[in-house]
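For the record, the sequence lines run as chains A and B.
Okay, so the first sequence: first residue is 1 according to full-length UniProt numbering, each after it adds one.
Okay, so the second sequence: first residue is 1 according to full-length UniProt numbering, each after it adds one.
Simulated from the structure, these hints should not be mistaken for lab results.
Hints should not be assumed to be uniformly reliable.
Distance windows between CB atoms, simulated [as the list claims (entries may be wrong)]:
id	chain 1	residue 1	chain 2	residue 2	range
1	A	N281	B	F184	36 to 44 angstroms
2	B	T183	A	G329	34 to 42 angstroms
3	A	V283	B	K112	39 to 47 angstroms
4	A	P91	B	E99	42 to 50 angstroms
5	A	P334	B	L188	38 to 46 angstroms
6	B	H126	A	D267	51 to 59 angstroms
7	A	S284	B	Q39	44 to 52 angstroms
8	B	Q39	A	V79	28 to 36 angstroms
9	B	E86	A	I83	39 to 47 angstroms
10	A	V79	B	E104	54 to 62 angstroms
Glycine is no exception: its CB is placed at the ideal position from the N, C-alpha and C atoms.
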Amino acid sequence: SQGIIERDETPMEKEIARLHRVDFEFSDIFYFCRKGCEAIVEDEVTQRFSSEELVSWNLLTRTNVNFHYISLRLTIVWVIGVIVRYCFLLPLRFTLAAIGITSMIVGTTMVGQLPNSSVKNYLSEVVHLTCSRILVRALSGTIHYHNKENKPQKGGICVANHTSPIDAIILTNDGCYAMVGQVHGGLMGVIQRATVKACPHVWFERSEIKDRHLVTKRLREHVADKSKLPILIFPEGTCINNTSVMMFKKGSFEIGGTIYPVAIKYDPQFGDAFWNSSKYNIVSYLLRIMTSWAIVCNVWYMPPMVRKEDEDAVQFANRVKSAIARQGGLTELPWDGGLKRAKVKDTFKEEQQKNYSKMLVRNGSIG
Amino acid sequence: AGCSQCPGTPLSPLSSPPTVTSEQIEHLHRRFKQLSRDQLTIRKENFDSIPDLEFNPIRGKIVHAFFDKRNLQPESDGLADEINFEDFLTIMSYFRPIEMNMDEEQLDRFRKEKLKFLFHMYDSDHDGKITLQEYRNVVEELLSGNPHLEKESARSIADGAMMEAASICVGQMGPDQVYEGITFEDFLKMWQGIDIETKMHVRFLNMETIAHCY
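Construct all of the structure, not just a fragment, from the sequences and the given hints.
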């Protein structure tokens with residue numbers, strides 16, 4: 001997305017060379033000063049962790065930062081909108097969601113009683129698909145799937161960009177996946193325990209997720225079995241606001257197997273799907289989703305990718321990330337989504353200093 | 001809509017009429033609120049949350065410049081603990097680009113203000129002179145990341161530059177003369193003839209129909 005200030009993208013060498021009369025000078029500080037000011041006015045990363053602003057208002061107060069009174073007619077329209085959303089849509093959606101979740105738990109538990117067989121797998125797929133579809137209706141989701149011929153196959157790994165917890169439901173609406181994630185408590189935990197009986201999802205205990213080798217081993221075992229459903233992974237590790245794709249963690253790309261990239265882009269005009277976990281908890285997030293107009297999104301299935309001979313996991317991860325960003329019309333950032341909560345490492349600052357001093361040495365200013 | 005905190009206050013020590021649009025001020029205000037986490041003032045720690053700034057080797061000096069009272073009000077000194085939005089805008093105004101309709105006198109004042117901002121960045125002990133030690137500090141900060149560059153080399157760069165500055169400002173020095181430091185007048189002399197106004201500015205885009213993140 002475009003910024004608010006004009007950035008000069010000339011590389012550091014050219015810019016500083018222009019300023020020089022002799023080798024090292026007071027002038028070099030200009031370049032860094034200006035870059036610093038630009039970063040303070042606007043930086044690429046922090047803005048990804050807040051919701052995208054819309055050009056025209058969609059009658060939801062939450063997407064209007066400068067909310068102020070414009071006209072009586074608009075206010076009346078807005079009030080009608082509120083009544084429709086809270087008194088009509090919300091109860092309807094809530095009921096549907098309750099039905100969907102209950103069917104999921106009951107259905108998968110029942111299927112789970114059967115002995116392992118192809119009938120069981122078939123029934124499990126039916127239950128998962130049906131309940132997913134009910135849940136998508138509960139959010140008034142309108143999803144357009146593109147390139148269905150590239151849908152993830154069994155034994156593969158499906159990776160997608162992450163915007164919200166409902167990403168998983170968006171994808172399972174159209175196919176069956178083996179999910180990967182942490183074991184939770186509460187309602188989520190109940191759902192997890194029920195579904196794993198019917199379908200081989202990979203739920204990790206908290207302690208296990210810290211041991212990366214154990215995680216990789218379990219995933220590898222799953223992928224090696226070609227009859228198992230494709231695994232669904234979100235390599236960014238956290239929710240980003242759907243205008244850009246951040247660093248893909250390399251863990252998923254070390255497993256081997258075929259990667260099926262999927263790009264998901266939400267249309268913010270009807271409702272904002274982004275979960276800002278530092279601002280809202282899951283309950284208020286679901287409430288906001290259920291009182292939006294709708295969730296409209298596009299899903300692109302992309303052709304499968306495998307790791308090349310001379311590529312390491314990080315390069316492969318970046319290649320997949322670029323492909324997803326390009327398809328979904330998102331910008332690509334090299335930064336780690338973990339920056340939502342953590343500070344930048346000192347090594348980045350040292351990089352810049354190294355580059356600058358290398359330049360000076362080359363110019364022969366040091367004897 | 002609009003900035004409720006500063007209705008029509010003159011923007012800066014640069015006393016030409018403010019030509020920043022109210023839209024730009026709104027954006028800066030939103031940015032200010034983001035950095036201050038919805039408080040009325042910003043402290044030094046708030047700048048830690050900007051990843052792009054970490055790239056910058058003189059990050060410390062830039063952040064320091066925001067709290068340097070010499071930049072906030074003319075004829076004052078010392079360090080502020082926190083700044084409000086008006087102060088934030090004041091510092092930002094040092095990076096205003098040149099406007100087409102400026103006359104000679106305004107241009108000259110404009111340039112002087114920008115150079116003064118830079119001078120304050122070098123002169124860390126606020127004594128009105130850039131001494132050899134202060135200059136060395138800046139060079140070291142710019143170069144400290146390189147493990148192959150020894151401290152001696154950084155020093156020799158600084159010494160060389162100071163000698164050059166001395167020769168411009170004082171001319172030939174006698175063998176017993178000691179060059180105490182670069183005063184602001186000397187600093188101005190060094191920059192004569194060099195176009196800095198176009199190097200030290202941040203230009204806002206025309207923001208009419210761009211969708212962006214707040």
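Status of each hint after checking the structure:
1. N281/A / F184/B: 36 to 44 angstroms: Distance hint for N281/A, F184/B is violated at roughly 55 angstroms.
2. T183/B / G329/A: 34 to 42 angstroms: violated, 55 angstroms
3. V283/A / K112/B: 39 to 47 angstroms: With Cβ atoms ~58 angstroms apart, the hint is violated.
4. P91/A / E99/B: 42 to 50 angstroms: violated, 58 angstroms
5. P334/A / L188/B: 38 to 46 angstroms: holds, 41 angstroms
6. H126/B / D267/A: 51 to 59 angstroms: holds, 55 angstroms
7. S284/A / Q39/B: 44 to 52 angstroms: violated, 23 angstroms
8. Q39/B / V79/A: 28 to 36 angstroms: Holds - the Cβ-Cβ distance for Q39/B and V79/A, about 33 angstroms, lies within 28 to 36 angstroms.
9. E86/B / I83/A: 39 to 47 angstroms: holds, 42 angstroms
10. V79/A / E104/B: 54 to 62 angstroms: Holds: the Cβ-Cβ distance is about 58 angstroms, inside 54 to 62 angstroms.
Checked against the numbered hints above, the structure violates hints 1, 2, 3, 4, 7; every other hint is satisfied.
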